[in-house]
Amino acid sequence: CMVPDAQSVKSKSQNLADKIAFWLTIVALSVGFATLAVWLLVGKEFSFAMERMASVMVITCPHALGLAVPLVVAISTSISAQQGLLIRNRTAFENSRKITMMVFDKTGTLTKGNFGVTRFGSFIDEVGENEILRYAGALESKSEHPLAIGIMNKVKEAEVELPEADNFNAITGKGIEGDVEGKKVKVVSPGYVEDNDLHIPDEAFESEAETVVFVVVDDKLAGYIAMSDEIREESFKAIKTLQKNNIKCIMMTGDNEKVAKSVSDELGLDGYYSGLMPDQKLDKIKEIQDKGEFVAMTGDGINDAPALATADVGIAIGSGTDVAAETADIILVNSNPEDIATLILFGKATYRKMIQNFVWATGYNVVAIPLAAGVLYSSGILISPAVGAVLMSMSTIVVALNAQLLKRKMKRVEVD
1 CMVPDAQSVK SKSQNLADKI AFWLTIVALS VGFATLAVWL LVGKEFSFAM ERMASVMVIT
61 CPHALGLAVP LVVAISTSIS AQQGLLIRNR TAFENSRKIT MMVFDKTGTL TKGNFGVTRF
121 GSFIDEVGEN EILRYAGALE SKSEHPLAIG IMNKVKEAEV ELPEADNFNA ITGKGIEGDV
181 EGKKVKVVSP GYVEDNDLHI PDEAFESEAE TVVFVVVDDK LAGYIAMSDE IREESFKAIK
241 TLQKNNIKCI MMTGDNEKVA KSVSDELGLD GYYSGLMPDQ KLDKIKEIQD KGEFVAMTGD
301 GINDAPALAT ADVGIAIGSG TDVAAETADI ILVNSNPEDI ATLILFGKAT YRKMIQNFVW
361 ATGYNVVAIP LAAGVLYSSG ILISPAVGAV LMSMSTIVVA LNAQLLKRKM KRVEVD
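Residue 258 in this note's numbering sits at position 258 of the sequence shown; the count goes up by one each step and never skips.
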């Protein structure tokens with residue numbers, strides 16, 4: 001139902017077109033009666049004056065102006081949906097042409113989000129390696145985060161039997177917690193560990209490409225689980241295309257500095273922010289906007305929802321959470337970063353079509369109305385009501401055909 005909803009919501013361009021069409025109707029009636037009066041005043045017979053008035057009213061074409069935007073909206077929304085781009089906010093889609101900075105979340109957006117456990121271990125004698133996996137699995141079984149999926153895959157692979165977790169709770173931007181076998185267990189980020197002044201042994205960090213989470217049991221740092229993710233091949237192409245179109249690309253992630261820098265350097269991003277909580281992502285978006293940038297944010301998780309809602313254009317990855325999708329203006333069904341570049345380029349093409357239709361419909365009426373009124377009568381040029389009707393219909397057809405040309409504009413982003 002998103003496509004009909006998007007097509008029915010009026011954007012600023014649509015409202016402008018409706019107002020112009022309304023005033024054009026007023027102008028047509030006014031000019032029509034004025035034409036009748038002028039020709040009668042200069043001594044022309046009533047039938048001649050009436051014919052000129054009829055020509056003015058017939059040739060005037062508010063239909064073309066009225067259709068200038070809705071036709072483009074209907075076609076662009078349908079084409080976008082066919083390509084896996086679901087537009088929830090028409091105004092945001094039109095504004096995509098203004099984007100100067102694209103902000104990416106890392107996990108599940110630039111990367112595949114398919115985490116695999118590479119290592120795990122214990123720091124204390126009271127909790128063995130097997131318990132680290134059991135405790136973490138008990139909590140992560142209640143989460144839908146990509147990291148949770150990676151841990152659960154390891155649990156299944158190791159055939160670990162999981163205990164029940166009670167009082168499950170999410171620690172915003174930091175991890176999760178709950179009661180497992182009578183113990184207070186938390187699976188948290190390095191940021192949480194540092195904030196609580198818990199010492200992290202060096203063995204936890206072996207590779208810059210690994211994401212590490214920690215298991216805290218009864219307020220003791222009990223162990224760690226290291227995981228790795230893979231950058232999407234499409235991310236390289238998408239960023240290259242965006243940068244070619246003078247759009248700066250940066251990354252905001254809750255992951256640690258080493259992982260963030262590694263991904264940023266590999267992709268050739270214009271910058272990155274690491275270790276951010278949801279409210280910090282939101283603050284960074286506002287900070288960038290205050291510098292005059294028109295910001296688009298792309299993400300897939302609950303942590304991205306506030307930033308998605310604050311950005312000028314919020315784009316949710318379809319494979320992400322319902323919360324992210326609900327706060328976004330546009331949803332990428334195929335979870336393909338290349339679709340972001342496609343979206344922006346198609347948004348620009350759509351806006352150009354709207355302007356072209358506006359210019360044609362307005363220009364047509366500026367020329368047609370005086371001709372229908374008989375300004376070139378002295379040169380032997382007169383337009384009858386029948387000819388006026390044909391010209392009016394042709395004007396509407398031109399607008400419709402021009403809108404249809406959008407179908408040629410929607411192509412996959414190709415990078416040499």
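Quick caveat, the hints were computed from the structure, so don't treat them as lab data.
Treat the hints loosely; a few may be bogus.
In silico BS3-like links for lysine-lysine, alpha-carbon gap of 30 Å or less [unchecked claim]:
no. : residue 1 : residue 2
1   : Lys19     : Lys240
2   : Lys98     : Lys220
3   : Lys240    : Lys291
4   : Lys237    : Lys258
5   : Lys244    : Lys220
6   : Lys248    : Lys98
7   : Lys244    : Lys284
8   : Lys286    : Lys240
9   : Lys240    : Lys112
10  : Lys112    : Lys174
11  : Lys220    : Lys156
12  : Lys220    : Lys184
13  : Lys348    : Lys240
14  : Lys156    : Lys237
15  : Lys240    : Lys142
16  : Lys112    : Lys19
17  : Lys220    : Lys19
18  : Lys248    : Lys19
19  : Lys237    : Lys98
20  : Lys156    : Lys142
Computed from a predicted model, the values in this text were never measured in an experiment.
To see whether the hints hold, each was checked on the structure:
1. Lys19 with Lys240: Violated, because 40 Å separates the two Cα atoms, which is more than 30 Å.
2. Lys98 with Lys220: Given that 30 Å is the threshold and the Cα spacing comes to 50 Å, the pair is violated.
3. Lys240 with Lys291: Holds, because 24 Å separates the two Cα atoms, which is no more than 30 Å.
4. Lys237 with Lys258: Distance of about 23 Å is within 30 Å: holds.
5. Lys244 with Lys220: This hinted pair is violated, its Cα atoms lying about 49 Å apart.
6. Lys248 with Lys98: holds, 12 Å
7. Lys244 with Lys284: holds, 24 Å
8. Lys286 with Lys240: Holds. Lys286 to Lys240 sits at ~25 Å (cutoff 30 Å).
9. Lys240 with Lys112: holds, 18 Å
10. Lys112 with Lys174: Answer holds: Lys112 to Lys174 is near 21 Å, not above 30 Å.
11. Lys220 with Lys156: holds, 26 Å
12. Lys220 with Lys184: holds, 10 Å
13. Lys348 with Lys240: holds, 18 Å
14. Lys156 with Lys237: Roughly 35 Å separates the two Cα atoms, so the pair is violated.
15. Lys240 with Lys142: Not satisfied, since the Cα-Cα distance of roughly 38 Å exceeds 30 Å.
16. Lys112 with Lys19: violated, 47 Å
17. Lys220 with Lys19: violated, 66 Å
18. Lys248 with Lys19: The hint is violated at about 36 Å.
19. Lys237 with Lys98: Cα-Cα ~21 Å, so holds.
20. Lys156 with Lys142: Holds - the C-alpha atoms of Lys142 and Lys156 are around 15 Å apart, at most 30 Å.
Consistency note: the structure conflicts with the earlier hints numbered 1, 2, 5, 14, 15, 16, 17, 18.
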